[in-house]
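Undergrad: Here the protein sequences line up with chains A and B, keeping their order.
Each residue of the first sequence is one higher than the one before, starting from 180 at the first, in our numbering.
Each residue of the second sequence is one higher than the one before, starting from 99 at the first, in our numbering.
Keep in mind that the hints are not guaranteed to be accurate.
Partial list, computed: chain B residues near chain A (C-beta under 8 angstroms) [as the list claims (entries may be wrong)]:
id, residue
1, ARG316
2, ASP320
3, THR445
4, ALA471
FYI, nobody ran anything at the bench for these hints, they're computed from the structure.
Glycine included, C-beta positions come from ideal geometry on N, C-alpha and C.
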Amino acid sequence: MAKYLLLKHYRGAPAPANNVPMHRWTPEEVTAHIRYMQDFAARLEGTGEFVDAQALAPEGTFVRYDGEGRPPVTDGPFAETKDLIAGWMMIDVDSHERAVELAGELSAAPGADGKPIHEWIELRPFMAAPPTITE
Amino acid sequence: MNEALLRSLTPSVLGILVRRGADFAAAEDAVQDALVEAVRVWPADPPRDAKGWLVTVAWRRFLDATRADAARRRREDRVDAEAEAGPTPATDDTLQLYFLCAHPSLTPASAVALTLRAVGGLTTRQIADAYLVPEATMGQRISRAKRTVSGVRFDRPGDVATVLRVLYLVFNEGYSGDVDLSAEAIRLTRQLAAAIDHPEVAGLLALMLLHHARRATRTTPDGSLVPLAEQDRGRWDTASIAEGVGILQAALARDRLGEFQAQAAIAALHADAPTAGETDWVQIVEWYDELTRLTDSPVVRLNRAVAVGEADGPRAGLAALAALDDSLPRHTAVAAYLHERDGDLTTAARLYAEAAGRAPNLAERAHLTRQAARLNARRPH
Numbered sequence: 180m181a182k183y184l185l186l187k188h189y190r191g192a193p194a195p196a197n198n199v200p201m202h203r204w205t206p207e208e209v210t211a212h213i214r215y216m217q218d219f220a221a222r223l224e225g226t227g228e229f230v231d232a233q234a235l236a237p238e239g240t241f242v243r244y245d246g247e248g249r250p251p252v253t254d255g256p257f258a259e260t261k262d263l264i265a266g267w268m269m270i271d272v273d274s275h276e277r278a279v280e281l282a283g284e285l286s287a288a289p290g291a292d293g294k295p296i297h298e299w300i301e302l303r304p305f306m307a308a309p310p311t312i313t314e
Numbered sequence: 099m100n101e102a103l104l105r106s107l108t109p110s111v112l113g114i115l116v117r118r119g120a121d122f123a124a125a126e127d128a129v130q131d132a133l134v135e136a137v138r139v140w141p142a143d144p145p146r147d148a149k150g151w152l153v154t155v156a157w158r159r160f161l162d163a164t165r166a167d168a169a170r171r172r173r174e175d176r177v178d179a180e181a182e183a184g185p186t187p188a189t190d191d192t193l194q195l196y197f198l199c200a201h202p203s204l205t206p207a208s209a210v211a212l213t214l215r216a217v218g219g220l221t222t223r224q225i226a227d228a229y230l231v232p233e234a235t236m237g238q239r240i241s242r243a244k245r246t247v248s249g250v251r252f253d254r255p256g257d258v259a260t261v262l263r264v265l266y267l268v269f270n271e272g273y274s275g276d277v278d279l280s281a282e283a284i285r286l287t288r289q290l291a292a293a294i295d296h297p298e299v300a301g302l303l304a305l306m307l308l309h310h311a312r313r314a315t316r317t318t319p320d321g322s323l324v325p326l327a328e329q330d331r332g333r334w335d336t337a338s339i340a341e342g343v344g345i346l347q348a349a350l351a352r353d354r355l356g357e358f359q360a361q362a363a364i365a366a367l368h369a370d371a372p373t374a375g376e377t378d379w380v381q382i383v384e385w386y387d388e389l390t391r392l393t394d395s396p397v398v399r400l401n402r403a404v405a406v407g408e409a410d411g412p413r414a415g416l417a418a419l420a421a422l423d424d425s426l427p428r429h430t431a432v433a434a435y436l437h438e439r440d441g442d443l444t445t446a447a448r449l450y451a452e453a454a455g456r457a458p459n460l461a462e463r464a465h466l467t468r469q470a471a472r473l474n475a476r477r478p479h
């Protein structure tokens, strides 16, 4: 089993095919989208592949140590070129292929007119502990 | 094994040990040992006096632990002598625990954790689950809290306001995992109300009961928010409302108004209205005026602007809102609502979308996005 992070982006990812902002959908389309995500997570719990999922607020701040006695330097709010994570889901799956398959499914969440958003999902493998030598 | 009985006895047993002079952390360990022993022994050999049994075993454990440390022997002799001072009412001991667990030297997070552990009798795992942190993290938080208060003596009453703040924090955490913190907060506040005669304790208990009565109708099964005006009032818990209103009226009759009583009065006016349209908004605005005098909190002023919008029309609400800092949480959502009521749907839709971007949780974000979607869906994309 290997852990992967599926990342949704507020911005920074390539534009999806069905690129209509959520507040331009109908309330029913919003509800259908949310239900798709909930069902997706519930199904992965059922298959034993779900680890955790959290949404992140749109605002973020970069902070950097800038020497003893100096205030930390920040450059938030985000500049327009910067990538911004909206939320993540952690999965624990048998193969990279399975992780790609699930990221594809998540990207198919319905949006405006009930059609898939084709949202870009970033898939990041976790660094694993070195394997135990058994031989 | 009756877990509820054990949990209800835990705070008074702990209180008795601490009153006898046991160090808080050591007393807590001793009581936990006694509880484990009870779970082991009681099924086969139930005690006649459960509390007496626990006190005896816990005190013996405490003495054993204390004897193990030579440096503690002298203190043990001293507190042993103090123990002969005579009986004190159990409720009194529990009350002391409330004050200790909400001691001003603790951070709010530590005070909450310690209260749930010592007064509520929850396990570290249950508290960790409720706050979605690892058990080890919560264990450390509780240990640090115990160390912080371990030197504090039980000789004078603490600040009731601090205790109430801690209980309200617990209540507002609501429900997650297998522990319902709202129900737990109500249970603890009931216990506190039985031990202490204070109008604000009654005010907080009334407020919790009135909010709790509406809880089942505040969200749909899939977690979507249902605004007050759209809630199914037939499903409100009338017994809880009646109890809350009764407690509130008795408290108000004593003429020592505080912010919890004023908040409970507002909740009671909502609970009283047979339909949303029949809500007595004029009286609610008057209570918000009282509340503003008592707290002068920006959040109260924001809520007051909503009430003014209902009592005197959306324009009056927007005027009240204009006096407030627009960086306040939910300021944009309130502005969106008032603009919609005023008929300016374009502005309302824009503000709902903006408010969704600032929402502090997913349920609110989804709700505000749907509001924007509802107004935008009237026009073609």
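Undergrad: So which hints don't hold here, by number, going up?
TA: 1, 3
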